[in-house]
Amino acid sequence: MKGAGPAQLEVRGVTKAFPGCLANDDISFRIEPGEIHALLGENGAGKSTLVKIIYGVLQADEGELIWEGKPVTIHSPHDAREMGIGLVFQHFSLFETMTVLENIALAMNDVRDMDALRKQVLEVEKTYGLPLDPDRHVYTLSVGERQRIEIVRCLLQNPKLLILDEPTSVLTPQEVEKLFETLRRLADEGCAILYISHKLHEVKALCQKATVLRGGKVVAGCDPREETAKSMAEMMIGQKLTAPDRGEARTFGDVRLAVADLSLASDEQFGTDLKGINLEVRGGEIMGVAGVAGNGQNELFRALAGETEQEAAPDSIKIDGTSVAHFGPRRRRRLGATFVPEERNGHGAVPDMSLSENGFLTAFRRMALAAKGLIREVPTKSFADNIIKTFDVRTTGSGAEAGSLSGGNLQKFIVGREILQDPGVLVISQPTWGVDAGAASAIHQALLDLAAKGTAVLVISQDLDEIFAICDSVVVMAEGKMSKPRPMADVSIEEIGLLMGGLHDLEGNATPANDTQVEGGRVGQA
Amino acid sequence: MVRLEPRRQHSQAMVYLSPVLAILMTLVVGGIIFAFMGKNPFDALYTFFILPINNSYGISELFVKATPLVIIGVGLAMGFRANVWNIGAEGQLTMGAIFGGGLALYFHDSESILLMPAMFVLGALGGAFWGAIPALLRTRFNANEILTSLMLTYVATLFLSFLVHGPWRNPEGFNFPESRPFPDAGLLPIIFEGSRVHLGTAVAVLVVIAGWLLLSKSVIGFQLRVVGKAPQAARHVGFRQKRMVWFTLLLGGALAGLAGLFEVAGPIGQLQPSISPGYGFTAIIVAFLGRLHPVGILFGGLIMALTYLGGELAQITLGLPNAVTGLFQGILLFFLLACDVLTKYRIRFGSIAAKGRTA
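Chains A and B are the protein sequences, given in the same order. Counting from 0, one number per residue, gives the positions in the first sequence under numbering that gives the first Met the number 0. Counting from 0, one number per residue, gives the positions in the second sequence under numbering that gives the first Met the number 0.
One thing to keep in mind: the hints can contain errors.
DSSO-like mimics (lysine-lysine), calculated; alpha carbons at most 30 angstroms apart, straight line [what the hints assert, rightly or not]:
1. A:Lys380 - B:Lys343
2. A:Lys317 - B:Lys241
3. A:Lys177 - A:Lys274
Now the in silico label distances, taken between C-beta atoms and shown as ranges [what the hints assert, rightly or not]:
4. B:Leu205 - A:Glu376: 17 to 27 angstroms
5. B:Arg347 - A:Gly398: 27 to 37 angstroms
6. A:His77 - B:Asn321: 54 to 64 angstroms
7. B:Leu205 - A:Gly398: 50 to 60 angstroms
8. B:Arg345 - A:Pro486: 51 to 61 angstroms
9. A:Lys216 - B:Leu336: 40 to 50 angstroms
10. A:Gly275 - B:Arg345: 29 to 39 angstroms
11. A:Ser75 - B:Leu23: 34 to 44 angstroms
12. A:Gly237 - B:Arg345: 33 to 43 angstroms
13. B:Arg347 - A:Gly270: 28 to 38 angstroms
14. B:Arg345 - A:Gly270: 36 to 46 angstroms
15. B:Val294 - A:Met97: 44 to 54 angstroms
What the hints contain is simulated information worked out from the structure, not anything from laboratory work. The structure presented is a predicted model; accordingly, all values stated were derived computationally and were not measured. Glycine included, every Cβ here is placed at the ideal spot set by N, Cα and C.
Given these sequences and hints, build the entire structure.
So this is what it looks like as structure tokens:
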């Protein structure tokens, strides 16, 4: 099939500029029918822009798209769907209170007969192994099931090219393997697949070809099966990769952060209630909280940071032995706890305030940046300068607005701000979410160094690689419950995957290998 | 299709230029309106904007009118910065006048030098009290302060009307609906001989300085900026939004109350059914014209004061209705908001036709 006939899609010299940035610079590559093609690149490399051009959301400034041998202009997503291009978004656009079938009907261009649609849906589900009850309401579904709706939506239109944008960031390893089976079956039928990801072992397991983007340009093309994850990562970032230095075998001190039987109703409509959370983090220990997004991690973070309106039960949260359940964020920080939320802009930092002011934001008490109700300008500025210098934040200076920094630099600033306060406890959510590899490794190293000085660090992350790279122990959240902590050394990625799926009854039973779901589960062997 | 597209970087210079641009466009449109009314636009604009201040008395009157606008504007800006939309400054002004003025009426034969400071305190308390009601309704019952503060304005003005028609009517006043004149000890000292510029004008300058210090140098000012710009970040670090609602409504109310007291204890000298030509509402425009910055508000207050003076003169010499003042204020606000929108967004015609090649 390959090399013969015309490519399913050929991208020729596509260039797209935004004010102040060349997002795509003369990009060319081709996807054959039945090929699973990876598009690799860090955040900001231009992957999303390219996808939007292919899907008709944006128009290229220069260059052309060749579809089945003919040059085409794709004016809109509607055009793209007509031609047979399907796109599964990273973030789903589903109506929570409607059923699966209703959501699918909404996305179709023209639905007259709901019964016929139901039949079609069930048939697609059967053919591709995507079990899903059309009459269930979306809010009752797991994230993996929600993604299935999006995929079914696309498949109903018989696509010739299916684009998936970071599809596995919300899936358990087992769900990932199921998704891959579906994709392989589709490819066997001749559908081309453009798979966008920065998870390299997945690309290696799934794809036959890869195009690597960096700074808007194609910097390499390769066969992922012949590369290692490390070699592809180095193509992506354009420099040698160094593994974080974990230092000597660490010894742990006393328990600094203790959560005992914490139950809290979520303050969001479709949030996840916390149910009987227990964990203890000792000084010097980095504990990871794994789990599929939306299983109570945000609620846990807010409960620990003291952001929730409703109070947890007395003594359910202790920092260095002091019960803080009824404390607000400021009193918790005064006890030596610091926090880094997942969202940088608007949560961890105020985008249109300067870095100086953003340093002041969380540090003014511990770093004594205010006196008599007034801001002390000089120490405030030098604190920000210190963060910028120590954590190599690329910026024009402490007067720059936080919003003007790239994601990675702002994250380094925020992490640095909390670390330089010399915390006893650090709770950090998605420390390297959307951060380039260079910044990510700097942040990982900073967390390891902090723990080495005796701080208890709790890392909430959806990225299992990250947890395996820096954590000493791991707990898994599923449906608001938490598994027992396990030392990183004697837990496998399959076990974590099962726990992420909510199989708490397997806890303590370290031999889940006879479970059929695990057969193909060696996805993420980092 | 026409749509607004956020600008990636908005020019800092335009943020400050947009009031200037808005004023210029107001002049152009104002001139056109005058022309339609059969007046020579240049003469009319001259009468409206230059004539009022081409002599020292005119300039002193400008200060008199700007005083309440600036004091109220600074208070409102604090709230607007924290996304607390106090629209009821007019009512808070009225309550300040009633509380402070009531004290002067009670001690109408007093000569004590303590009367004036006490009136200051009561005036501020009266305004703060009227601001406390929307604050309570917002924080306890989540009632929108825009509606509650606005509605309370009418309660306050009707209450004043009731007082001067009834219990507080001057017994020697030939049944006119107005109170006794305040005693001399209850009148603000004039700071420029031969004009009506009173102590309140000096207070207004102090309010500007204090407001600037509070907003840019103090921790509480920092808190209200964070609450306004990023509520989630404020929650993350424990800046309580409810406290900011209370703080800004009490502060805004107190300043409006003080401004109200200055009106009745200054230029007016007694309580009347109407004590303000809408200063409390105009101050909203002043606050935005001044970019919610106390120093900017000082200039904004002077410009809006000019529209009052110009409107009066236009009535007298051109025979135009008093509504011209409100018209000019409205046009100015319209252009200001339009300029602000275009500073933050650009207009795009067509859905995808326009390309962003140029940086």
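A quick look at each hint next to the structure:
1. Proposed proximity of A:Lys380 and B:Lys343 is supported: the alpha carbons are some 28 angstroms apart, at most 30 angstroms.
2. Restraint check: the Cα-Cα separation between A:Lys317 and B:Lys241 comes to about 27 angstroms, which is no more than 30 angstroms; the hinted pair holds.
3. About 29 angstroms separates the Cα atoms of A:Lys177 and A:Lys274, which keeps this hinted pair within 30 angstroms; it holds.
4. Range check, B:Leu205 to A:Glu376: about 23 angstroms between beta-carbon atoms, so the 17 to 27 angstroms window is met.
5. Under the hint 27 to 37 angstroms, the C-beta atoms of B:Arg347 and A:Gly398, about 32 angstroms apart, fit the expected range.
6. Restraint check, A:His77 to B:Asn321: a C-beta distance of roughly 56 angstroms satisfies the suggested window 54 to 64 angstroms.
7. B:Leu205 and A:Gly398 have their C-beta atoms about 29 angstroms apart, which leaves the hinted 50 to 60 angstroms range violated.
8. Our hint of 51 to 61 angstroms for B:Arg345 and A:Pro486 holds, since their Cβ atoms are close to 56 angstroms apart.
9. A:Lys216 and B:Leu336 have their C-beta atoms about 43 angstroms apart, which keeps the hinted 40 to 50 angstroms range intact.
10. Between A:Gly275 and B:Arg345 the CB atoms are about 52 angstroms apart, so this pair departs from the stated range of 29 to 39 angstroms.
11. Taken as a hint, the range 34 to 44 angstroms holds for the pair A:Ser75 and B:Leu23, whose Cβ atoms sit roughly 41 angstroms apart.
12. Taken as a hint, the range 33 to 43 angstroms holds for the pair A:Gly237 and B:Arg345, whose Cβ atoms sit roughly 34 angstroms apart.
13. Here the CB-CB span from B:Arg347 to A:Gly270 is close to 37 angstroms, well matched to the stated 28 to 38 angstroms.
14. Look at B:Arg345 against A:Gly270: about 37 angstroms separates their beta carbons, and that is inside 36 to 46 angstroms.
15. For B:Val294 and A:Met97, the Cβ-Cβ distance of about 53 angstroms falls inside the hinted range of 44 to 54 angstroms, so the restraint holds.
When the structure is compared with the earlier hints, violations turn up for hints 7, 10 and for no others.
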